[in-house]
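Trainee: Heads up: the sequence lines are chains A and W, in that order. Take 1 as the starting number for the first sequence in my numbering and just add one per residue. Take 1 as the starting number for the second sequence in my numbering and just add one per residue.
Treat the hints loosely; a few may be bogus.
Below are the DSS-like pairs computed for lysine-lysine, each with C-alpha atoms no more than 27 angstroms apart in a straight line [unchecked claim]:
no.: 1; chain 1: W; residue 1: 223; chain 2: W; residue 2: 436
no.: 2; chain 1: A; residue 1: 188; chain 2: W; residue 2: 324
no.: 3; chain 1: W; residue 1: 223; chain 2: W; residue 2: 289
no.: 4; chain 1: A; residue 1: 191; chain 2: W; residue 2: 324
no.: 5; chain 1: W; residue 1: 436; chain 2: A; residue 2: 219
no.: 6; chain 1: A; residue 1: 219; chain 2: A; residue 2: 188
Hint data in this document are derived by calculation from the structure and do not stem from the laboratory.
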Amino acid sequence: MPQDACFTEGRLLSLAEATDAAAGLLAASRLAVFLIGACDVAGTRAAIRLATRVGGVIDQSESTGAFRELDVMRSFGRFIVTPNEARQRADTVLLVGSGLTKLWPDMIERLGLAELPRLGLAPQRRRILRLGGSADDPDLSTLAGQTIAAQDEALPTLIAALRACNAHRPLARSADGDALNTMAEALKQAKFGVIVYSPASLDALAIEMLVGLAADLNKATRFSTISVGASGNAETAMQTCAWMTGFPVRTGFGRLYPEHDPWRFDASRLIASGEADALICISSEPGLPVLPPRIPVVALSAEQSGRTDVKVQITIGRLGRDHGGVDFARETQSLVGRRASAAAGFPSAASVLEQIAERISPGAAAC
Amino acid sequence: MLTWLRGGRVIDPVGGGNRVRDLFIEDDRIVAEPLRRAVDQAYDATGKVVMAGGIDIHSHIAGGNVNTARLLLPELHPGQTPSSSKLPFSSARWSTFETGCLYAKMGFTTVVEPAMSPHHALHAHLELADTPIIDKGTLTVLGNDDFLLSMLRQGESASAIADYVGAAVAATRGLGVKCINAGGATAFKYNARAFSLDDVVPHYGVTSRAIVEALQQAVSDLKIPHPLHLHMNNLGIAGNVETALATIDAARGLPLHLAHVQFYAYGTEGKRGFSSAAARLAEAVNAAKNVTVDIGQVMFGPTVTVSLDVLRQYNGSRNARPNKSVIFDGDANGGGIVPYDYRRSDFYNAVQWACGLELFLLIEDSWRVFFTTDHPNGAPFTTYPDLLALLMSRDLRAEWLAEMPRSVAEMTTLGAIAREYTLDEIATMTRAAPAKLLGLADRGHLGPGARADIAVYDDHMDRARMFRDAHLVFKDGDLVVRDGGVTHYRAGRTLEARPLFDRAIERRLDAYYDEVYRAPRDLFAVHPDILPRTVRFEQVGLRQ
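Sequences are here, hints too, so could you generate the full structure?
Mentor: Pasting the structure below:
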């Protein structure tokens with residue numbers, strides 16, 4: 001391991017000293033929050049195990065956006081298609097909201113928006129429709145056929161109106177009425193349509209309305225949706241936490257069994273309210289979540305943060321470079337394997353967290 | 001370490017019959033009674049019933065769709081029981097850890113996850129790695145994949161198809177091959193709303209029957225012990241017994257396993273057009289010695305249906321209880337997650353319940369009928385003790401039936417069936433037969449050389465109580481359950497078939513993935529070095 005990997009308050013430490021310091025800080029805490037950023041499955045597993053051992057809370061740095069989606073799913077349901085299937089089949093793609101290519105720079109290529117669908121029954125160009133987001137994404141503007149320009153604030157009303165048009169419900173007179181009817185008709189003509197949306201542009205009710213539109217369209221043809229939301233990081237944590245505890249992140253272990261409460265176990269709220277008295281941030285990519293520096297922080301990160309609130313800094317390796325592992329890939333909508341490419345000697349998040357756990361309760365080996 | 005299990009009623013249909021005798025365990029194996037050796041530990045099994053560890057051949061315990069179900073239904077599994085520090089997450093409801101513990105408590109020591117999509121294989125194996133105590137296996141799902149359907153469209157040879165199937169099983173580390181509504185998920189992407197055995201998959205021009213035959217042949221050619229595990233077309237539809245009968249014919253006398261056949265035992269009689277046709281189906285199974293079946297019994301209560309039969313799941317989503325579902329158009333099969341609440345007072349649900357029991361009781365050969373609820377689709381596996389009690393008592397079945405709508409009894413033959421399963425038949429169905437079906441020579445029996453997976457039960461008259469909490473359970477000779485409580489975790493093995501195939505197919509597959517998925521094929525492969533250190537694979541011998 002490189003010599004300059006661990007610090008406490010500006011002082012160089014060995015890895016053993018650093019994990020000792022982290023363990024001491026955790027052991028003395030009443031409520032420790034584990035905030036995961038970019039982290040592979042192994043690191044997430046280790047963090048969840050450590051959180052149970054100290055009665056802590058597990059959250060993910062992008063979970064606010066992820067919960068907007070999850071809340072729709074667990075109250076209403078979802079239609080989901082993989083980007084691969086969308087690229088190969090979709091003859092119609094409805095793009096909703098702004099910043100799509102900013103959130104997902106490879107989106108046009110991964111969804112093959114400029115290509116013919118490989119598995120379509122009749123070779124034809126995809127029909128690209130846009131609702132909102134017209135001011136940005138010039139590449140999308142070139143590809144799109146019909147566009148209904150709108151600011152994000154107007155999208156919930158427009159989506160509701162589009163769903164009403166699709167259901168042949170009367171629409172209040174509006175400037176977009178004809179355009180919406182035209183768009184609804186185009187959606188009905190689809191053989192396999194995909195709605196691609198930016199959750200950052202939409203509130204939960206608007207997302208639910210889009211899923212409802214997909215549900216309505218599926219009564220006669222095939223439709224599904226792709227959310228261009230958070231990176232795969234949130235999903236890695238959500239999935240791992242779900243199989244280990246039964247619940248997604250924002251789960252606490254203070255009562256020695258997992259309790260899930262998206263409000264109560266929101267890391268930002270716990271820190272702001274003073275309920276949390278220790279924070280472990282884990283990110284194997286550069287950058288740590290920005291949080292108010294109120295409590296001691298143990299940072300396991302791929303770069304030194306330089307932040308004054310970081311009591312213990314341990315530099316960890318990067319997945320796919322320093323170590324192999326598994327994380328969630330947006331491109332495939334699945335957990336995928338990564339091999340180490342050029343190990344620089346930094347330890348993985350999992351190994352550091354396991355060492356901290358061993359110092360807190362020796363011998364409590366993982367099963 | 002030599003362990004003496006003294007004086008139990010040992011039920012071992014393979015070699016030992018049913019008699020009171022001692023068993024000896026040397027480390028992880030059962031051994032013959034050693035001469036002039038001091039035992040290291042002894043357990044008194046007097047008055048107890050001793051069987052090999054149970055084997056579940058079809059239980060959806062891991063994978064992306066199961067995890068989506070967890071996320072969809074947080075209200076289904078709140079828990080308020082603290083876990084001990086020695087058994088972290090063991091009380092976390094519906095977690096992988098709880099799954100391993102609950103199976104062990106019932107005396108089950110090997111469980112097969114039967115629906116592993118190749119592109120989600122890593123996910124399934126990661127969940128299985130966090131499922132303690134029990135050994136696991138997975139079935140690799142094929143039959144809606146573009147590569148296979150394209151091979152069939154192009155008329156490629158059986159050996160080429162076998163190479164592809166072999167490569168898929170090897171990359172995913174499967175124990176066997178499952179096919180789910182062959183071609184149906186793909187047809188659904190072309191907007192088919194029903195798909196039968198002789199329907200043609202759009203774009204590819206191949207029938208469901210042709211896909212099944214090709215996979216059946218490939219599994220046989222690859223010498224994978226477990227025959228093709230088939231989820232047939234038209235699941236859950238009135239009158240679908242005709243599909244099941246046609247599929248048995250389509251097997252052409254070759255080995256075929258039909259999954260959760262209760263869901264295919266429906267006729268169209270009665271004023272509601274829904275009746276039990278279980279007797280007809282059982283008669284056909286009795287006659288077709290090449291066919292094995294598991295039941296997929298319905299038991300009452302809230303659950304969730306999790307299936308890669310996305311066409312069926314979409315059609316079923318209109319009856320979701322509660323009214324929410326996830327329909328996933330994935331690479332190949334995808335999946336559908338639809339919550340459901342089977343109600344005793346619901347005519348259709350009660351007929352389903354009766355259909356399953358009729359099949360259990362009317363299929364004569366307990367070596368060819370397997371004990372499943374298609375967890376969680378028919379019911380959670382935790383209902384197994386109650387189901388065993390029903391199979392063993394005609395009076396108990398009559399009590400249950402009396403609480404159901406009267407019309408249910410008219411639409412089934414259940415009330416007239418006198419058969420009661422014996423403990424020997426239970427041991428065959430849940431131990432010996434599954435081991436034989438999966439090719440696990442050292443499991444399912446208690447002869448010398450067998451793996452020391454042993455369940456010891458109190459011989460209660462209340463059979464549900466007997467099977468709910470085993471008195472003792474040994475896994476690999478290690479005592480893991482005492483009086484219904486798990487004593488400690490240990491890591492189970494993952495069983496895999498590892499068939500032989502011409503690896504030239506892999507270069508072709510690599511090129512296909514680069515072009516079609518725009519990703520290296522290796523991204524999806526299950527390599528042990530990226531799994532937790534505790535994962536141990538065990539190769540199952542191929543058929544000779």
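Trainee: None of the hints should be skipped; say for each whether it holds.
Mentor: Verification of the hints:
1. W/223 with W/436: Holds - the C-alpha atoms of residue 436 of chain W and residue 223 of chain W are around 14 angstroms apart, at most 27 angstroms.
2. A/188 with W/324: Holds, because 23 angstroms separates the two Cα atoms, which is no more than 27 angstroms.
3. W/223 with W/289: holds, 19 angstroms
4. A/191 with W/324: holds, 24 angstroms
5. W/436 with A/219: violated, 45 angstroms
6. A/219 with A/188: holds, 10 angstroms
Checked against the numbered hints given earlier, the structure breaks only hint 5 and satisfies all the rest.
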